[in-house]
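Those protein sequences? They're chains P and Y, same order as listed.
Numbering-wise (my numbering), the first sequence opens with residue 1 and increments by one.
Numbering-wise (my numbering), the second sequence opens with residue 650 and increments by one.
Calculated from the structure, these hints are not laboratory results.
Some hints here could point you the wrong way.
Straight-line distance between alpha carbons at most 30 angstroms, and here's what the computed DSS-like set of lysine-lysine pairs gives [what the hints assert, rightly or not]: (1) P/LYS568 <-> P/LYS500; (2) P/LYS453 <-> P/LYS494; (3) P/LYS349 <-> P/LYS35; (4) Y/LYS816 <-> P/LYS356; (5) Y/LYS776 <-> P/LYS35; (6) P/LYS580 <-> P/LYS605; (7) P/LYS494 <-> P/LYS477; (8) P/LYS322 <-> P/LYS305; (9) P/LYS305 <-> Y/LYS816; (10) P/LYS568 <-> P/LYS477; (11) Y/LYS816 <-> P/LYS307; (12) Y/LYS816 <-> P/LYS349; (13) P/LYS453 <-> P/LYS594; (14) P/LYS594 <-> P/LYS543; (15) P/LYS336 <-> P/LYS356; (16) P/LYS477 <-> P/LYS453; (17) P/LYS35 <-> Y/LYS816; (18) P/LYS434 <-> P/LYS473.
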Amino acid sequence: MVSAIRSDGSGETFPAVFLESVKRMGEQGVAIREKDYGIWQSYTWGQVQEQVRDFALGLAALGFQRGDRICIVGDNRPQLYWGMLAAQCLGGVPVPLYQDSIEREMEFIVGHAEARFALVEDQEQVDKFLGIKPNCPKLEHVIYKDPRGLRNYQTDYLVSFATVQERGRAFGRENPGYLEQEIAKNRPDDLAVICYTSGTTGRPKGVMLTHHNFISTSLSVSEFEHLGPDETILAYLPMAWIGDFFLSFGMALVGGYTVHCPESSATVMQDLREVGPTYFFAPPRIWENLLTTVMIRMDDASWIKRKLFHWAIGVATALHKKRAAGQKPSPLDRLKYRLGDLFVFGPLKDNLGLSKVRIAYTAGEAIGPEIFDFFRSLGVNLKQLYGMTEASVFLAMQRNDEVRSDTCGVPVPGVEIRIAADGEVLFRSPGAFKGYFRNEEATRESIVDGWVKTGDAGFIDHDGHLRIIDRAKDVSKLHDGTLFAPKYIENKLKFSPYIKEAVAFGQDREFVACLINIDPNSVGNWAERRHLAYSSYTDLSQKPEVLELIDAEVRRVNASLAEEERLKGTQIHRWLILHKELDPDDEEITRTRKVRRRFVAEKYKALIDALYSDTQHVQTEAKVTFEDGRQAIVRADIAIRTAPRNGHA
Amino acid sequence: MQRNEGVARPAAEPGRRRDLSETLLRIEGVSLSFGGLNALSDVSFSVRKGEILAIIGPNGAGKSSMLNVINGFYWPQKGRITYRGVTHSRMRPHEAAAAGIARTFQNIALFRGMTTLDNIMTGRNLKMHKNLLLQALHWGPARREEIEHRQFVEQLIDFLEIQAIRKIPVGRLPYGLQKRVELCRALATEPELLLLDEPMAGMNVEEKEDMCRFILDVNDEFGTTMVLIEHDMGVVMDISDRVVVLDYGRKIAEGTPDEVRSNPDVIDAYLGISHG
Numbered sequence: 001m002v003s004a005i006r007s008d009g010s011g012e013t014f015p016a017v018f019l020e021s022v023k024r025m026g027e028q029g030v031a032i033r034e035k036d037y038g039i040w041q042s043y044t045w046g047q048v049q050e051q052v053r054d055f056a057l058g059l060a061a062l063g064f065q066r067g068d069r070i071c072i073v074g075d076n077r078p079q080l081y082w083g084m085l086a087a088q089c090l091g092g093v094p095v096p097l098y099q100d101s102i103e104r105e106m107e108f109i110v111g112h113a114e115a116r117f118a119l120v121e122d123q124e125q126v127d128k129f130l131g132i133k134p135n136c137p138k139l140e141h142v143i144y145k146d147p148r149g150l151r152n153y154q155t156d157y158l159v160s161f162a163t164v165q166e167r168g169r170a171f172g173r174e175n176p177g178y179l180e181q182e183i184a185k186n187r188p189d190d191l192a193v194i195c196y197t198s199g200t201t202g203r204p205k206g207v208m209l210t211h212h213n214f215i216s217t218s219l220s221v222s223e224f225e226h227l228g229p230d231e232t233i234l235a236y237l238p239m240a241w242i243g244d245f246f247l248s249f250g251m252a253l254v255g256g257y258t259v260h261c262p263e264s265s266a267t268v269m270q271d272l273r274e275v276g277p278t279y280f281f282a283p284p285r286i287w288e289n290l291l292t293t294v295m296i297r298m299d300d301a302s303w304i305k306r307k308l309f310h311w312a313i314g315v316a317t318a319l320h321k322k323r324a325a326g327q328k329p330s331p332l333d334r335l336k337y338r339l340g341d342l343f344v345f346g347p348l349k350d351n352l353g354l355s356k357v358r359i360a361y362t363a364g365e366a367i368g369p370e371i372f373d374f375f376r377s378l379g380v381n382l383k384q385l386y387g388m389t390e391a392s393v394f395l396a397m398q399r400n401d402e403v404r405s406d407t408c409g410v411p412v413p414g415v416e417i418r419i420a421a422d423g424e425v426l427f428r429s430p431g432a433f434k435g436y437f438r439n440e441e442a443t444r445e446s447i448v449d450g451w452v453k454t455g456d457a458g459f460i461d462h463d464g465h466l467r468i469i470d471r472a473k474d475v476s477k478l479h480d481g482t483l484f485a486p487k488y489i490e491n492k493l494k495f496s497p498y499i500k501e502a503v504a505f506g507q508d509r510e511f512v513a514c515l516i517n518i519d520p521n522s523v524g525n526w527a528e529r530r531h532l533a534y535s536s537y538t539d540l541s542q543k544p545e546v547l548e549l550i551d552a553e554v555r556r557v558n559a560s561l562a563e564e565e566r567l568k569g570t571q572i573h574r575w576l577i578l579h580k581e582l583d584p585d586d587e588e589i590t591r592t593r594k595v596r597r598r599f600v601a602e603k604y605k606a607l608i609d610a611l612y613s614d615t616q617h618v619q620t621e622a623k624v625t626f627e628d629g630r631q632a633i634v635r636a637d638i639a640i641r642t643a644p645r646n647g648h649a
Numbered sequence: 650m651q652r653n654e655g656v657a658r659p660a661a662e663p664g665r666r667r668d669l670s671e672t673l674l675r676i677e678g679v680s681l682s683f684g685g686l687n688a689l690s691d692v693s694f695s696v697r698k699g700e701i702l703a704i705i706g707p708n709g710a711g712k713s714s715m716l717n718v719i720n721g722f723y724w725p726q727k728g729r730i731t732y733r734g735v736t737h738s739r740m741r742p743h744e745a746a747a748a749g750i751a752r753t754f755q756n757i758a759l760f761r762g763m764t765t766l767d768n769i770m771t772g773r774n775l776k777m778h779k780n781l782l783l784q785a786l787h788w789g790p791a792r793r794e795e796i797e798h799r800q801f802v803e804q805l806i807d808f809l810e811i812q813a814i815r816k817i818p819v820g821r822l823p824y825g826l827q828k829r830v831e832l833c834r835a836l837a838t839e840p841e842l843l844l845l846d847e848p849m850a851g852m853n854v855e856e857k858e859d860m861c862r863f864i865l866d867v868n869d870e871f872g873t874t875m876v877l878i879e880h881d882m883g884v885v886m887d888i889s890d891r892v893v894v895l896d897y898g899r900k901i902a903e904g905t906p907d908e909v910r911s912n913p914d915v916i917d918a919y920l921g922i923s924h925g
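This is chain P alone, in the form it adopts within the complex:
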């Protein structure tokens, strides 16, 4: 690692770390590449140093003061990363914003951060800033990177990135040594960034993180994962998201990685293939998209390719399962995998841009085990990561030899994790944030006695791995005091291809009961293959064969719940298949497919009462709204099933 940085990351700031990296990587090493005009344009560490220096001096010429905030808005562009570093050189604080935010959202953050400067990518963002400028009196300068379409804008506070750099060079000639003095004034406990979290409720909150937070976390992660200076990464996630700041800015500067900026947001997948990153980060959504793309392309392929593909995937999955179960694969298994690798996985990974990946993370939300296992069977080292903005991202992650789809791994070195009495995960770490910017109240609520509340409920399992089960506010207790996390159970059910939605009940009840929605496509296919005739969704949902199919899924979920001491009391006892799909038109789920728990509980009160009685059948009728707005009544006789609970009398 970098010799000049003390092993705990204290005593260092990003500008200082950057200058170290320039020295170490030499003038020739490539720091950042951007695909532009169809070609990957490279900037060496030496060139980046000049760019940052000129821009920082230009900011100084415009009157940038220590502690000033500068808003950064746009796609991942080298100039925007340089702008962040330049501001830090002068003791300023970058505030990255989501580029697709609308004016109103930007206005709140720009106003709340009291930013005097903004560095934006192009006309699209400039237009938003022109709109919010009258309501943000503190905002003085808007700097844009791309002059296209802006040549006729007659606004004195608008200035181009290149012009600022030009002024910087003049300022530098008049004030030799200015930048070096400013850099020397920086302290590790100065703010390195303020990241506004989107927040599902209320106004966004500005998370204040220091140089020390990031550099110490970067160092422990690098050590944990054995990362070297030859890592290649793709900077494609929104700059406002802490994950991108950490990886494409923080880790890249500390470790000396080569960062690649895609040509445009539409070309990311092609660029991914061309770059072939070694260290890669993607939310579950992206992994899911990659898998879907592969499956669709395979469906269109010739039958011989399709046969070969499915054979190879079968071999890989079988081998992966054997390994996961702790068995040793036979030489024949290994030979078959080799062949699969030669003909299928190798070319496939190359096509996706994953052939060089040494470490890949998924984080943010639960990933379906079949997606996770697919990539792992291909030989992609995909791992779970648990973290949050308030922790400088990393809290827990999986060791290379302890990867499982359902845990978040062990705490990163330096991080202490504790589970509160009510199940909430708390942490203490060198990466823990300094509070919310200009929001004392939220800070007090979030940090109690030096421990930071994550807002997530979880537990440490028998292997010492952290498992997140639900948002803390959704977690409640059964009548006997057992911890009940509805979403954890629902997710486990929904990982079955036959179950589309599930709603679990249990708060203050004797046991857990579930309403289940079958997936009409996959169950419909399944029924067709068995020559099972059905007339409608309602009819299909109550077929005895379908009930048996779902019964097996519920037993599987119960078996997995029974493995965990804290959750085995919440195995599903009684369940039924709903006679209609939960539908946003009926207000049962939101447009983004989140179950409106309370509404469902009220609407299906009769069914839920039946689940908690002894009856085996319940008559019901429900009003459904068709797509054209007509309404009709659906009547059904619904079967209620009782599932055996493991270890339960």
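Got chain P sorted already, so can you dock chain Y onto it with the hints?
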């Protein structure tokens, strides 16, 4: 009025200072007939250098015929066309192209089996001077020349934001994107005068807004003079400097969008709203 993302440019409007005094193209008394059918009768107007001129009119008014006359595809029976100070009674299409007149078509005319990039590169053909043999061998000066042209084309691809479809065969692209590729190919010839035949036909609102922005940006950035045919009155009013209105092959009005909008003949003939 609701602000129209991409089209409305706050602060930009007063700043669009362009000198529109020079005449680039003058049409004088042009008449064109197919057998007994008069497509154009005695039409005269001029196009100023650097402006965006819209030609509007009901179906069959002679709009496309007008464009075809300008780029030499049709030869008028009467009238004179003065382009860059040179008067022609007729011009052949290749002469028009060499003189810097490019166009796009109402029904997209791209090579469907070729990629976006290759299609746009064909727009550079006129500018390639090395001999055919060298080009075929992709050798020496021809290779260097091709690299230069590719650089130019890449700037256009960037400008029109079609990087993601560079290598995709045009036939597989949605309609709105094909229109953009066609515009890109026309720009690849570095035209002085660009004729756009219904550049926004069949597009949804979002695609139209994008196209408007590109047309304005091209005009702004390259100073390209444009003559366009368009049916969407909102678009015409938003982006054109001046409007020429045709009806049954005759010019019935000419002026700024506002002037044209309040002209009673136009309201009668085209907008179809009775004024009383």
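Comparing the hints with the structure gives:
{"no.": "1", "hint": "P/LYS568 <-> P/LYS500", "verdict": "holds (23 angstroms)"}
{"no.": "2", "hint": "P/LYS453 <-> P/LYS494", "verdict": "holds (28 angstroms)"}
{"no.": "3", "hint": "P/LYS349 <-> P/LYS35", "verdict": "holds (22 angstroms)"}
{"no.": "4", "hint": "Y/LYS816 <-> P/LYS356", "verdict": "holds (24 angstroms)"}
{"no.": "5", "hint": "Y/LYS776 <-> P/LYS35", "verdict": "holds (27 angstroms)"}
{"no.": "6", "hint": "P/LYS580 <-> P/LYS605", "verdict": "holds (15 angstroms)"}
{"no.": "7", "hint": "P/LYS494 <-> P/LYS477", "verdict": "holds (22 angstroms)"}
{"no.": "8", "hint": "P/LYS322 <-> P/LYS305", "verdict": "holds (26 angstroms)"}
{"no.": "9", "hint": "P/LYS305 <-> Y/LYS816", "verdict": "holds (24 angstroms)"}
{"no.": "10", "hint": "P/LYS568 <-> P/LYS477", "verdict": "holds (13 angstroms)"}
{"no.": "11", "hint": "Y/LYS816 <-> P/LYS307", "verdict": "holds (28 angstroms)"}
{"no.": "12", "hint": "Y/LYS816 <-> P/LYS349", "verdict": "holds (20 angstroms)"}
{"no.": "13", "hint": "P/LYS453 <-> P/LYS594", "verdict": "holds (24 angstroms)"}
{"no.": "14", "hint": "P/LYS594 <-> P/LYS543", "verdict": "holds (27 angstroms)"}
{"no.": "15", "hint": "P/LYS336 <-> P/LYS356", "verdict": "holds (22 angstroms)"}
{"no.": "16", "hint": "P/LYS477 <-> P/LYS453", "verdict": "holds (20 angstroms)"}
{"no.": "17", "hint": "P/LYS35 <-> Y/LYS816", "verdict": "holds (15 angstroms)"}
{"no.": "18", "hint": "P/LYS434 <-> P/LYS473", "verdict": "holds (24 angstroms)"}
Violated hints for the displayed structure: none, as all numbered hints are satisfied.
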